[in-house]
Every structure is written in C-alpha cells, then in structure tokens.
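Colleague: Listed below are the residues making up each chain.
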Amino acid sequence: MTTIEPATASPPRRNFADSLRGWLPKLVLAPSFAVILLFVYGFILWTVYLSFTNSRILPVYKLVGFDAYVRLWSQPNWYMAMKNLAIFGVLYIGICISIGLGLAILMDQRIRAEGILRPIFLYPMALSFVVTGTAWKWFLNPGLGIENTMHNLGWESFKFDWLVNPDMAIYTVVIAGVWQASGFVMAMFLAGLRGIDGEIIKAAQIDGAPLTKIYRRIIIPMLRPVFLSAFIVLAHMAIKSYDLVIALTGGGPGNATELPSTFMYSYTFTRSQMAVGSASAVMMLMGITAIIVPYLYSELREKR
Amino acid sequence: MSGAVQETVSGGSAKTARVVIYGLLILLAAIYLLPLYVMLTTSLKSLDEIRGGDMLSLPSSPSIAAWTKAWGEACIGVTCTGIKGYFWNSIKMVVPAVIISTLLGALNGYVLTKWRFPGHKIIFGMMLFACFIPFQAVLIPMARMLGMMGIANTTTGLVFVHVIYGLGFTTLFFRNYYEAFPDELIKAAMMDGAGFFRIFWRILLPTSGPIIVVTVIYQFTNIWNDFLFGVSFSSGGSSPMTVALNNLVASSTGVKEYNVDMAAAVFAALPTLFVYIVAGRYFVRGLMAGAVKG
Amino acid sequence: MSFLEIRNLRKKIGNVEVLKGIDIELEKGGFLVLVGPSGCGKSTLLNAIAGLLPLTSGDIVIDGQVVNDLHPSQRDIAMVFQSYALYPNMTVEENIAFALEMRGVPKDERAAAVKVAAKTLQIEHLLTRRPSQLSGGQRQRVAMGRALVRKPRVFLFDEPLSNLDAKLRVEVRAEIKSLHQNTHATIVYVTHDQIEAMTLATKIVVLKEGTVQQIGTPAEIYNLPANLFVADFMGSPAMNMLDGKVVGTGAEARISLFGDQSITVPVPPTVAAGALSEGQSVLLGLRPEAITDTGLADPQARSVTQIEAPVIMTEPTGSDTFVTAELGGKHFTARTRAEVSCQAGDTFRFAFNLDKAVVFDPQSGLRL
Ligand SMILES: Nc1ncnc2c1ncn2[C@@H]1O[C@H](COP(=O)(O)OP(=O)(O)OP(=O)(O)O)[C@@H](O)[C@H]1O
Ligand SMILES: [Mg+2]
Numbered sequence: 001m002t003t004i005e006p007a008t009a010s011p012p013r014r015n016f017a018d019s020l021r022g023w024l025p026k027l028v029l030a031p032s033f034a035v036i037l038l039f040v041y042g043f044i045l046w047t048v049y050l051s052f053t054n055s056r057i058l059p060v061y062k063l064v065g066f067d068a069y070v071r072l073w074s075q076p077n078w079y080m081a082m083k084n085l086a087i088f089g090v091l092y093i094g095i096c097i098s099i100g101l102g103l104a105i106l107m108d109q110r111i112r113a114e115g116i117l118r119p120i121f122l123y124p125m126a127l128s129f130v131v132t133g134t135a136w137k138w139f140l141n142p143g144l145g146i147e148n149t150m151h152n153l154g155w156e157s158f159k160f161d162w163l164v165n166p167d168m169a170i171y172t173v174v175i176a177g178v179w180q181a182s183g184f185v186m187a188m189f190l191a192g193l194r195g196i197d198g199e200i201i202k203a204a205q206i207d208g209a210p211l212t213k214i215y216r217r218i219i220i221p222m223l224r225p226v227f228l229s230a231f232i233v234l235a236h237m238a239i240k241s242y243d244l245v246i247a248l249t250g251g252g253p254g255n256a257t258e259l260p261s262t263f264m265y266s267y268t269f270t271r272s273q274m275a276v277g278s279a280s281a282v283m284m285l286m287g288i289t290a291i292i293v294p295y296l297y298s299e300l301r302e303k304r
Numbered sequence: 001m002s003g004a005v006q007e008t009v010s011g012g013s014a015k016t017a018r019v020v021i022y023g024l025l026i027l028l029a030a031i032y033l034l035p036l037y038v039m040l041t042t043s044l045k046s047l048d049e050i051r052g053g054d055m056l057s058l059p060s061s062p063s064i065a066a067w068t069k070a071w072g073e074a075c076i077g078v079t080c081t082g083i084k085g086y087f088w089n090s091i092k093m094v095v096p097a098v099i100i101s102t103l104l105g106a107l108n109g110y111v112l113t114k115w116r117f118p119g120h121k122i123i124f125g126m127m128l129f130a131c132f133i134p135f136q137a138v139l140i141p142m143a144r145m146l147g148m149m150g151i152a153n154t155t156t157g158l159v160f161v162h163v164i165y166g167l168g169f170t171t172l173f174f175r176n177y178y179e180a181f182p183d184e185l186i187k188a189a190m191m192d193g194a195g196f197f198r199i200f201w202r203i204l205l206p207t208s209g210p211i212i213v214v215t216v217i218y219q220f221t222n223i224w225n226d227f228l229f230g231v232s233f234s235s236g237g238s239s240p241m242t243v244a245l246n247n248l249v250a251s252s253t254g255v256k257e258y259n260v261d262m263a264a265a266v267f268a269a270l271p272t273l274f275v276y277i278v279a280g281r282y283f284v285r286g287l288m289a290g291a292v293k294g
Numbered sequence: 001m002s003f004l005e006i007r008n009l010r011k012k013i014g015n016v017e018v019l020k021g022i023d024i025e026l027e028k029g030g031f032l033v034l035v036g037p038s039g040c041g042k043s044t045l046l047n048a049i050a051g052l053l054p055l056t057s058g059d060i061v062i063d064g065q066v067v068n069d070l071h072p073s074q075r076d077i078a079m080v081f082q083s084y085a086l087y088p089n090m091t092v093e094e095n096i097a098f099a100l101e102m103r104g105v106p107k108d109e110r111a112a113a114v115k116v117a118a119k120t121l122q123i124e125h126l127l128t129r130r131p132s133q134l135s136g137g138q139r140q141r142v143a144m145g146r147a148l149v150r151k152p153r154v155f156l157f158d159e160p161l162s163n164l165d166a167k168l169r170v171e172v173r174a175e176i177k178s179l180h181q182n183t184h185a186t187i188v189y190v191t192h193d194q195i196e197a198m199t200l201a202t203k204i205v206v207l208k209e210g211t212v213q214q215i216g217t218p219a220e221i222y223n224l225p226a227n228l229f230v231a232d233f234m235g236s237p238a239m240n241m242l243d244g245k246v247v248g249t250g251a252e253a254r255i256s257l258f259g260d261q262s263i264t265v266p267v268p269p270t271v272a273a274g275a276l277s278e279g280q281s282v283l284l285g286l287r288p289e290a291i292t293d294t295g296l297a298d299p300q301a302r303s304v305t306q307i308e309a310p311v312i313m314t315e316p317t318g319s320d321t322f323v324t325a326e327l328g329g330k331h332f333t334a335r336t337r338a339e340v341s342c343q344a345g346d347t348f349r350f351a352f353n354l355d356k357a358v359v360f361d362p363q364s365g366l367r368l
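Chains as they are written, first to last, in UniProt numbering: chain A, 1 to 304; chain B, 1 to 294; chain C, 1 to 368.
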C-alpha cells in the first residue's frame, strides 16, 4: 500500500500556508497522543514510582527501595489472589474457548434459527459485570436460588452452597464469567469458520474424509489465529476483572475470591497501603505486558 | 452466508444427527436465557412469593411495584430516592464521552492511515497498547490528577477519564477501517483541491457509517458498564448507575428486597441490551474488529 | 517549445531507487504514453508529476514553471485513476463538480460546466446516480468527466482501461482518442497494453526498472526499437530474433542466418553504414508480419529472401495464421494468410522481407 506524503514535505518550504499543510496531520494527532503519553505511560511510571515508596493513605515521594514488593509477597492475601487468578484464569479461558468453539461448530451446521440463537448466546456480553454478578448472586443464592428450586422439584438432598463455601466460591466466579463471555468467543470462532474457503472443505469431502475428521484435521487447525485472539482477549479480561467479583462475592467469603484486581483496590483505597497497592498494580501490568506485547508486535509487524 | 461445511448426499443417520444438534442448541440457549428469565420474573414478584416459592416459577400476580420502588424510592447509602438520579448520571457521562472519543478516534485513524509520517507505527503501537493496560496501574495517579484539576467526584471527571482510556480503541477501529479505504480517493480529492479537513468531512466521514455505528455501540456499552472508574472517581450522588446498583445490592441494612435488586439490575441492563438488540450485528463486528485484527 | 518537461527526475522509496534519472519532454497537445512491465515505475512517475509524491531530485516543469514544490491542487493537473476513485458518497454530478466546488466556483457555473462535460461524454442521464449504481464503463466515463470539467493544463491517466472488458476497452480507447483530437489536451497516459500505446500516443516512452529505454513516435518505437528490450516488449507476437553472422565487408556484406553458411540475406537498410564488421555475431530482428507465405510477400519490397523450414505449430486467429517454424534449432514465428494451408510437420516455404529488419548487437543489446 502506498503512502501519500504531502508534496510540501520536501524542502524548501514555500510559505506559511504550505508548511502548515505539512504539519496539520501531526497537529491533529498530537493532543490524543500527548494525552495517552501522559495519562497512560506517565501514570504507569508514577505508579511504579509509588511502588518504591512508603506511601500509605496518601502518596509520599521518598524512595525506600523494594520494601513494598517484599511486603506484597509476604501477604497471604496476595498468594490467595495469585492462586485464585491461576484457577480462575485457566478455567475461564479453557472453558470459554471449549464452549465457544463447540457452540460455533454446532451453529455452523446450517442452523435455520441461527438469527435467533446467536443473540441469545451473545446477549450476556452486552451486560455489565455488575448486572451479571447481581443476577448470578441471586440465581446461586443458597437459600432461595437454584438449590431451593431443586428441592421443590423433589431433589431434597441437592446442595449448592458454593457462593458461601470458601473452597468453592471462586468457581462461581468462573461460572458467571463463562456465561458472560463464551457467547462472544463463539462469535469469534463463527466468524473464523465462515472465513474458511469452502472449496478446501469440499475437496476434503471428495477425498472421503468424514465430518469429524474434517473438523479435527482441517478446520480447527485453520482456526489457529482465532484461538490466539480469543486467548488474548480472555486473558486480558481475566487479569483485569474486578467488577464481577465485587458484585458476585465481594471478594469473600473471607478472602476466598480475592483476585489481584480486588487486592489492589482494597489495599490502595480501603486499607491505606498505597505502596503495596501500587506494587500489586505493577505486577498486574507486568503480567498483561508479557502476554500482550509479543502479540501486538507480531500483529503490527505482519501487516506491511 | 452458508455454513463452512455443506451438507452432502448422506444416509439416514443424518436426520438423527440434526435432531441431536438442534436439541443441544436449544438446551444451551435455555441455559443462557435462564439468568435473564430469573432476573425478570423475580423483579415482578412480591417478596413473600420470592421467599416462599420457586425461583423458576412465573409470578402469580405480576406487579411492577419493585420497579417503581427501584427507580424512585430504594435506599442507596443514606439517600432513599431510588436509582433514577444515578441512571441520569450515567447518561450524562456516556453521551459526551462517546461523542468525543469517537470523533477523536476518527481523526486519529484518518491521520494514521492517510497522512502517515515516519514513526506512525510506533505511535499507533503505543496507543494500541494503552487499550490493554490494567487500569489498576493508572488508578492512583488519576485519582490525584482529577483532584488537582478540580474535577474529582464529578461527571466531568468521569467523562474525561473515559475519553482518555477509550481513545486507544476508537483509534484502532477507525484505523482498521480507513486502512481499507482506497488511497486513490484521497489522492483524487487532493488533486481536486480539497485540504486535510475537507477530505475528512466530505469524503471519509460520509462513508464511515458502519464503523461509526460500531464504535459508538462499543464505547456506549463499555462506558455504561464501567464500574472500576465509577467506584474510584465518584462518590455519593455523582456515581454512575453500575456503582449505585452495587451499593443497593450490597447494602446490608434492613430487609433484603430481592425483587427491588433485580428491578434495579434490569434498569442497569436495559440501555445496553436495547442498543444490542437494535444493532447487535454491528456490535459483534466491532468487538471482532478490536479483538481479531489487533 | 515543450509544455511538460521532466528533468533528471529521481525518486527513492526507502533504499530503492524507483526512478533513476528520467528526462522527458512533451509538446502542448501531445499524447504521451508511458509503457513498461509491471513495477517499472510508471505509476510512481505519474504520481510525481501530479505532486502526490515528493521528488528525491530533479525538476518537473509545466509551461515554463517549475512545479516541484506546488501542492497537487495548485499544479492545475487532473488525474484519472485505475480504480476511478469516484467518491462513493456523492452522485455523479457532485463527483464531477467537486473540484470546481473546492475552487470556489459559483453553483450555477458549476452546473453549466458539469452539463458540458456530461454531454461530451454522453453521461447526462446518469448525473443523479451514485458510483455504485454504474457499470464499469460508465464509471470510467465519470472519472474522465471529473478530469475534463476542470480544463487542466495536463491530464494524467493511470491505466484507465485496465478494469474494463476487452470490447469496452476498444470502445473507450476510441473515445479517448477522439476526445484528445477534439480538445487538444496535453495527456500523459500509463498503460502496459502496447496496443493502447500504439493507437493513442503521439509519443511513447518505454520504461524499464526506472530508466527510459526509448522515446519516440509509435512508428519509431515499433519499427526501429532502440534495443532488444523495446523490440521484445512492443508487438505481439514478439519480434523474431534470428542468430546471424556478418560475412563479407563493405557493400558486399551479407548476414548468414541459422548458423548455415548457405542461407544469407542482405544487410537491411535500417543498419547504419559501417556499423557491421566481418565475422561479427548479430541478432536479426524481424516482425512476424515480415515473414509470410510467398504469395503474401510484398511485391514492392526491395529485398525478399525465400527460405524453407519445417512447421512446428500453427495458430489461426481468423484473419490470418501465425506459423511457428524451426531452423537451426531456433523457432521463429511467421504471419501468413488464413487461406494458406500448412500443418505441423510440413515443410513450408517462407518469404523473409528484410526491408524492415533491424539488427542488434547481442552483447550490448543495442540496435546497430
Ligand atoms: N510505497 C512503496 N514502498 C516501497 N516500494 C515501492 C512503493 N511504491 C512503489 N514501490 C516500488 O516501486 C516500483 C515501481 O512501482 P510502480 O507502482 O510505479 O510500478 P508500475 O510501473 O506502476 O507497475 P504496474 O504496472 O504494476 O502498475 C515497484 O518496484 C514497487 O515495488
Ligand atoms: Mg501502476
């Protein structure tokens, strides 16, 4: 693709109007870029700086070295948050991708009601995590929710107390999260499936491959880029997810559903441990950077 | 568009397969719909019916009492004026934030595709990465900065924050769209004597309908649904809807009114659901553009 | 005096020198066609003339004025793009009027100008449509209308016909030709279709890898190609290149062909005096139409040699038949009458008309 360079970019500049013409595009982009530079990158540096101070309820700017990181990694709460993130991340990403791919394959069988079904699987994505959390909190309510329904249906021994069971509460976050995002993953896979050249599949059919083989050997391998995109999006959401936990469990019972995001917020704003909060934010940033930067780099380099 | 796998001439087992596929899909659809169904029916029930009855049953005598209460009377914190004020807060926050971030994104995308200069890739890369940072990493400085600017705890402050952290995505959308827009059209307009802004207003923007819809919907849902910025940078009466909903549901004073909670949740969900139902296809496409194309 | 002048134009893109010192002159009302293989820099040159690309060095002069630093809109140039580049959101009328609008021409004058242009191009009935509602040929005409209405000093065309089907291409080609004859516009036209080049041009420039190979009238380019590249590029089927060796000297000199001492032909009149020396290897270039069946041989020709050769393949085109034959292990193509019947395997008697033959130095590739 060719790039249009304004002819006036070449010296000598003739007059003010011409030189303005050369600068105008940069002038238009400048405010946005400046804002991003300051409010994203500047602020990140600020946060990193704070993580090396002894800030408590208010920022102080005297450096004390790795103190906050030492304290962070000696917090049982932080270990809990990391453990939960691992459980949540693996299950959330794994289940979303499995269900999403499964749904997409089912939907790709020339389903007549696709126009009705697709929005049903997708609508949770339009909801806020707070709404999702509220709805699932009620749905899983140990006294009045699904458990009660099962009892009414005659299944007296049915017990579902995950929401208040410290060992199981993190899985309710997984359930609600999967419900919200799996439809979107389906949409991604569906788009990927529709993008595959039909003639390749026809050729495989003529070669005598049965449908399951066609999927396993040809179609699913061709969806590799979609797997990658889905993974990136989901990993990013998992690390950032804050609202869902707050609305569903509030981080509890106890600290059973603590995640790095809730940890950061409570240490910074309610427990007056700003330096530790900053340190945890820096850890989160490093986690996401490790995933995103290689991805962005390869994406941006491929094109042109 | 037809499915990737075409049906071929096949034997009798195909019919059973189709039945199984449809059965599975319908079952799954029911599961996906269940929480919404429960939310709606609960909001239409009385508290007694909720306590005594079955979550899945239809309301015996549907009433919108919980809805009016959630809208106008429910207590959030110490004030008992319902969620309506917060609903309007959200609207006042979303509308300007969406308009400003979309417009800026369009201009940025235009510059980054049609007026490239050395270094445009790095600038775009930096803007793109900004989409993905965990906001926790900017939360503390932003809180200080809003205070310094005197717009802490105001809707203006939230608009400001949402514009900044939405810019990466809006720029991405427009850049990807304009990337496919033929350069020759820009060249032709340049030779016809149109300048930078004229080309944008007269040639590019009129053909940007689809991507504007996508961006607006995406930004609208994202900003409406935001909780973290709302809870961090607003308090009391200036909070957006999501924060108020959470406060309402989480408050432990008095009797737990599940039907009111659910009605409030429905209110919080309505605008995005409405937008989604009206223009859902574009919404999906927009998310895809952001997610798949990078 | 030349109207459009390009002086020692160079353009680097990245580290690649795409244009390596181009010198071209075009008189007012001339029709210059740039031809060359894909990637040789035709579009780059056109964009440079238009001002859409900054130059690395060199000058572009229009009507005595150096325009290097003028913005495209100030050069008074119009361009018709390969993809037509019609504004999709505007009607045909708005498309054509846009340039005038940008120049602040009042509305009624604009409408009048559009009317004239539309009439010239016979697209009056399409004025209210949008580009998406037009056929390829109609779009092409609108794109020309957009250029015409501005009455620019120079028109630039970048492969304007390449998106049309074969039949339409011939029609529009004729229209462009008559348009040029009626308006006396100065035109620079890019194509890689050599028939377009031959039919339209008053002057052809053959480019290869960013350098000019030859500039001349269509007849010069066709009959007297400056080098092997031009000879091979222009004309279809391509010019035959027969291995030859000079025997004898001075007025006695002849060229023996096919490595066979017994087949010799006189030195063609196109060869400069004293250019050949005895024993020199040469390539004798003969257009297929200069090798015919004996019945078709031009009775006016000064030098016709008859040679028998086995036929390898025949390709009837309807109007005449191309016959490929072999001699001395080399293939050559002849153009015979359609009625002549010969088949692969036959031995056929060909008439070689050497009046228009050209001779090249196989080492340098230059015409002697
Ligand atoms: N933006 C660019 N960056 C790098 N190289 C470029 C760029 N634009 C053109 N080139 C190179 O410059 C050369 C000339 O390109 P140009 O488009 O002028 O060719 P062309 O003669 O018009 O070919 P075609 O007949 O295919 O249109 C090509 O080798 C091309 O690869
Ligand atoms: Mg070209």
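For the record, the hints were derived by calculation from the structure and aren't laboratory data. Heads up, a few of these hints could be off.
Only part of the chain A face toward chain B is listed, based on derived beta-carbon distances under 10 Å [to be verified]: (1) SER32; (2) MET80; (3) MET82; (4) ARG112; (5) LEU127; (6) PHE139; (7) GLY145; (8) VAL174; (9) PRO221; (10) VAL293; (11) LEU296.
Far from chain B by the CB rule (all over 12 Å, computed), these chain A residues [claimed, not checked]: (12) GLU147; (13) GLU156; (14) ASP167.
For lysine to aspartate or glutamate, the following EDC-like pairs were computed, each having C-alpha atoms within a straight-line distance of at most 20 Å [as the list claims (entries may be wrong)]: (15) C:LYS203 to C:ASP355; (16) A:LYS213 to A:GLU199; (17) A:LYS159 to A:GLU147; (18) B:LYS256 to A:GLU114; (19) A:LYS159 to B:ASP54; (20) A:LYS62 to B:ASP54; (21) C:LYS330 to C:GLU315; (22) C:LYS167 to C:ASP193; (23) C:LYS151 to C:ASP232; (24) C:LYS245 to C:ASP355; (25) B:LYS121 to A:GLU299; (26) A:LYS26 to B:ASP54; (27) B:LYS256 to A:ASP161; (28) B:LYS15 to A:GLU114.
Virtual Cβ for every residue (Gly too), placed ideally from N, Cα, C.
Colleague: Which earlier hints can't be squared with this structure?
Modeller: Hint check: 2, 3, 8, 9, 12, 15, 18, 20, 23, 26 fail, others pass.
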